[in-house]
Amino acid sequence: MFPVVFCIGGVLVIIITHLLYTWWNPRCSGVLPPGSMGCPLIGETLQFFAPSTSFDIPPFVKKRIQRYGPIFKTSLVGRPVIVSTDADLNYFIFQQEGQLFQSWYPDSFTEIFGRQNVGSLHGFMYKYLKNMVLNLFGPESLKKMLPEVEQVSKLNIRRWSSQTSVEMKDATAQMIFDFTAKKLISYDSEKSSDNLRESFVAFIQGLISFPLNIPGTAYSKCLQGRKKAMKTLKTMLQERRERPEKIETDFFDYVLEELQREDTLLTEAIALDLMFVLLFASFETTSLALTLAIKFLVETIPGNKRTNRE
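Per the numbering used here, the sequence shown starts with residue 74, numbered consecutively.
Simulated from the structure, these hints should not be mistaken for laboratory data.
Please note: incorrect hints may appear among the correct ones.
As a list, the in silico SDA-like pairs of lysine to any residue whose alpha-carbon atoms are at most 20 Å apart [claimed, not checked]:
1) K264 - T253
2) K304 - F186
3) K294 - K304
4) K216 - K256
5) K300 - E184
6) K307 - L269
7) K135 - Q120
8) K307 - E331
9) K200 - E184
Full structure from sequences and hints, please.
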């Protein structure tokens, strides 16, 4: 009996050792950069998702740059990946996207944004959507919007000045979302019964979270937020389709015209997804950049005044 148990134990040790070796040394046709693959299956996912309040480089990336250099390997959400913080390499990758490189997203990201999301499109379809967006929001169109942006900014600054305190990130996000939603889909938060931004906030809060789809988790709220936002956008598109008169031309009108063309490549699902991505990308990234810009300006202006006096 003992020899049998000993043999089984030996086989298990060999199998486990082989699996660990394979995990820590993944196969590659080239030479992999230095790094660590972390624990089997989960890799370094927990360290990656660990929250940080610093405005500096995320601790996960910073520690590995110090240890391995600007390019290192790791494993996130069950996938082996190479992280690059090298500016020249990143520039080369972006220049060669669609040729030598192709964009890819983890399964959890695909679940959040949908299987047919805009980010998963490549080649001609990607260029088609890009040109469609640039026709409405290219450099010339953005120049024409500047007076409106200035007016909205001044209006909100006057409103903030009458308050005892302002949560700058939330306030700028609300301002930018209202403006973008009005330009894209003629959405007015004060007149609408659906709180569209609330759905986006739930989506954003769970976007960078552990992909555990259990009710109550940030990831689950993220999925529900996207589902609710997409439902609202679909309802608005249907209402616009049934309403022939136009108050002001927006992205919905352009989409409807494109959908009615016989040779169109656009589908309603892709159009709704594109609107969701445009709303998300415009207000979240811009509001964060504005908040940090204001923070750094407030911190540096007193020092600059002292320097000028000296």
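Inset, instruction - Please name the hints from earlier in the document that this structure breaks, with their numbers sorted from lowest to highest. - result: As far as the earlier hints go, only 9 is violated by this structure.
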